[in-house]
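Taken in order, these protein sequences are the chains called A, B and C. Terminal number for the first sequence in our numbering: 489, no gaps in between. Terminal number for the second sequence in our numbering: 351, no gaps in between. Terminal number for the third sequence in our numbering: 301, no gaps in between.
Some hints could be false.
[To be verified] The calculated label-pair distances, taken between Cβ atoms and stated as ranges, are:
{"no.": "1", "chain 1": "C", "residue 1": "Ala264", "chain 2": "B", "residue 2": "Pro131", "range": "53 to 63 Å"}
{"no.": "2", "chain 1": "C", "residue 1": "Asp142", "chain 2": "B", "residue 2": "Pro131", "range": "24 to 34 Å"}
{"no.": "3", "chain 1": "B", "residue 1": "Gln123", "chain 2": "A", "residue 2": "Thr196", "range": "31 to 41 Å"}
{"no.": "4", "chain 1": "B", "residue 1": "Thr90", "chain 2": "A", "residue 2": "Glu399", "range": "31 to 41 Å"}
{"no.": "5", "chain 1": "A", "residue 1": "Arg200", "chain 2": "B", "residue 2": "Thr209", "range": "27 to 37 Å"}
{"no.": "6", "chain 1": "C", "residue 1": "Ile133", "chain 2": "B", "residue 2": "Thr90", "range": "48 to 58 Å"}
[What the hints assert, rightly or not] With the C-beta cut set under 7 Å, the calculated list includes, among others, these residues of chain A facing chain C:
{"no.": "7", "residue": "Thr221"}
{"no.": "8", "residue": "Arg250"}
{"no.": "9", "residue": "Asp259"}
{"no.": "10", "residue": "Ala262"}
{"no.": "11", "residue": "Ser263"}
{"no.": "12", "residue": "Leu264"}
{"no.": "13", "residue": "Arg267"}
{"no.": "14", "residue": "Val280"}
If you're looking for bench data, these hints aren't it; they were derived computationally from the structure. Note that the Cβ used here is the ideal one computed from N, Cα and C, for glycine as well.
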Amino acid sequence: MSTDLLLPTAEDRGGPAQPILLVKGLRKYFPLGSSLFGRNRGAVHAVDGVDITVPKRTTLGIVGESGCGKSTTARLLTRLIEPDDGEVIFDGEAVGTHGGISIKELRRNLQLVFQDSFASLNPRMTIERAIAFGPQVHGLPAKEAVERSRDLLGRVGLEPNRFGGRYPHELSGGQRQRVNIARALAFNPRLIILDESVSALDKSVQAQVLNLLMDLKDELKLTYLFISHDLNVVQYISDHVMVMYLGQVVEVGPVEEVYRHPRHPYTQALLSAVPSLDPHHRTERTPLTGDPPNPINPPPGCRFRDRCPKAHAVCASIAPPSVVVGTDHSVACLMADPASGHPDAI
Amino acid sequence: MSNLITVSDLTVTFGGARPVHAVNGVSFTVGTGEVLGLLGESGCGKSVTLRSLIRLHPPRRTTYGGRIEVDGQDILGMDEEQLCRYRGAVTSMIFQEPLLAFDPVYSIGRQIGEAIRRHTGIDARAAEAEAIRLLDRVQIPQAAKRYHAYPHEMSGGMRQRAMIALALSCRPKLLLADEPTTALDATVQIQILLLLRELQREMGLSIIFVTHDIGVAVEISDRVAVMYAGRIIEQGPIADIISAPAHPYTQGLLASTVTQNMRGSRLEAIPGAPPDLANLPVGCAFADRCRQASAQCRAAPPPYDSRLGRGLACFHPLTESVAP
Amino acid sequence: MSNILTQTAAPADSAKPQSRNYWIGVLRRIGREKVTVVCGLILLAILLLAVLAPWVVGADPYKTSMIRRLLPIGSSGYLLGTDELGRDMIARLAYGGRMSLLIGVMPVLIAFVIGSTVGIFAGYAGGRINMAIMRLLDVFYAFPSVLLAVAIAGALGQGVSNSILALTLIFIPQLTRIAESVTTQVRSLDYVEAARMSGASSLTIIRVHILGNVLGPIFVYATGLVSVSMILASGLSFLGLGVKPPEPEWGLMLNTLRSAIYVNPWVAALPGAMIFITSMCFNLMADGIRSAMEVTE
């Protein structure tokens, strides 16, 4: 891109072996009820001790159902919400601490593409101005920012002369999502978090956008964090996958490995809940009963135990630690730990 | 198998400054105890078609054409009173958002009981017992207690089940389902789909199920009709359509749906976007995006040809067996 | 870049012209609403009549004549009759419009500026600051506006500027509340979060993203308040707290013509009719502008 020189790409300071993102013990509780009379009604444990490792130029998929905390995690990483606890290390530098990387610097390196393509664009701003806003904030003069914006529009498949002056309501959902991607790219970021970015799109449009994302990843040497509830799409686009339940990570590993040999009962249930595409082999039994619960004041022990087909008494007393079961593959289940006391433990 | 529902050349136009031709000549039949899936993307007219079967559109703005016959009754010709007797007793509907189906100030049990009493005239106590039985049948745990619950007190999956109970309370012959699982989590979605399958078998219901998700269509339908720009462009048994689609749009839709084992290969996306329903082209609505399009396709829309249980509207189908 | 993507836009798009400004769209939609346009024209006429009164109206609004008191409508030389002191009604109404419009519009204008600033700030800040500001304003809300206006104006004394001050104080809490409410809504939208993601300062975000989306609804609400302000101003004058005689002002005229109701009811009703027409037009116009702004097709 010719306009690359106008806004320098953030340098790769950590080197190829350093993971671009390292998160330890991320925690966020939302308190319930007022503390006016001192009565504590507890809290929503939205994110409760999450560790993440993302190697450079890979895609980490995060899957889970409502209430699992994946969207909150995205907002915590971008510091739209302040975490209660935990360490976030971006390319070797701690975020938000003295001597590390500042929040403003972080926002040049890490960007977020939202789910609702319409709500994430200012209805009163043309799309070329909307994309130019970001670089302008970081010091690029207006004229060059607009030039860069038009260049990016072309890059994502929207011809600038035809689309630049349009308003969000004049575009389709797929086109708006491209604009959101272009806006994220305007910062020349190194990591892009895609929070259910293709979920609201029609399947054929989704395919177009996924192709675009794959092309951009190669061309611009990007790393992705892909949050979705659609397991098929996550399998397609990710290198590693992380499964979340009620604010915690229950399983993480290389995508093919986790999909072929899921070790956590919840992962197994999620995978078998994907509708079958073979009319001769329809799903005959539901893997789980009931709805995903609300993470309000979770009970001790394993949080999945009241829906787990393999639950045992010991699951109520010990919160399962994360156990390594393969290369880069770990699971938080007592069955994976022979010393845990669970009768089915291997 | 006799046909419970016959739709012939249905057209639905919404008035206004620029009339929108939401449905442009749709014909299909559904037999007793059969499940038809209406598959398509946003704006294709599937929800509008569904709602026409129960006359749910605003009467002043909507113009219907063609004929809809359900259980021997002419739906488009009914007056208000006949419609009231028809809705709920012959045909019922479930929606994507269960909160919209329930009045927030009454308990769900009471609302189900009210529906039962209106159509069957039995007394309050019997209606309550029946409502509890229904809630239990849709697998709501502790049904007698949940009878008194309010809609906002229940989780999404529970509400959806309650809505199904409400819809089936008067034993309709036809159930219309407008994307009822789209807003649900995957593990809940599959529960609801299996429940619907069970109830359908047990009650001999006919179901017309609108969805944009091919997997959901596979799980629930016996036959599927694919819609595009207000018309049915292909129809047939679900297994045939999935394994050997004849229309280029169906094939494109199947190819662009992400499934397992697609990793590493590029997705085949259909170029372009669906047309503006207020500004439809003269010929085939899919011509601009179709690899096989010819001058014939742009001159006039291909006629819908239906034979041997398969329907197709295309001048250049992909499979020879259904060539017009 | 692959061909599939550059072919993205469907042919339907190429038929659409390049979009024009959002505000032009709003104006066009307003133009289609007959009621809004007619009301706007009426208001314009009243405004022009008031502003250009010395040049348009020949008669002198202060010239009294004891013989020609309370002449009926249609009398020669006095088209709308005369008031209880023999002054020409057309002149009184025209010159009176100046005062009435001034006391009607000024408070709302000032309150709009102050209220928007405080409200947007409170809405954007959120949390405890928001709570502190809004609960403070609730104190003012506890009083019925008419009584509060009378109390403040009464305490300050008679006079135009005191009336304007009193009314401004009434309207600030209302406009602040609406500004805060709209800002809170807009602030939680994804595009504001996206702007925060870009590292922009709060001031920049407010200026670029929030103002444009928030001032519209506040403005429409304020326009609706003008009619309330005019009626309150008339009320204050009626009670002797606003304009001093012999200055013409519609509310004051209503008061002084009260005793003439049995003698010449039509003339006595004229100032009231003017207040009514002007208020209605402001209200209907505000409605029309609001619906034009809401539509995003």
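Indices of hints not satisfied (ascending): 4
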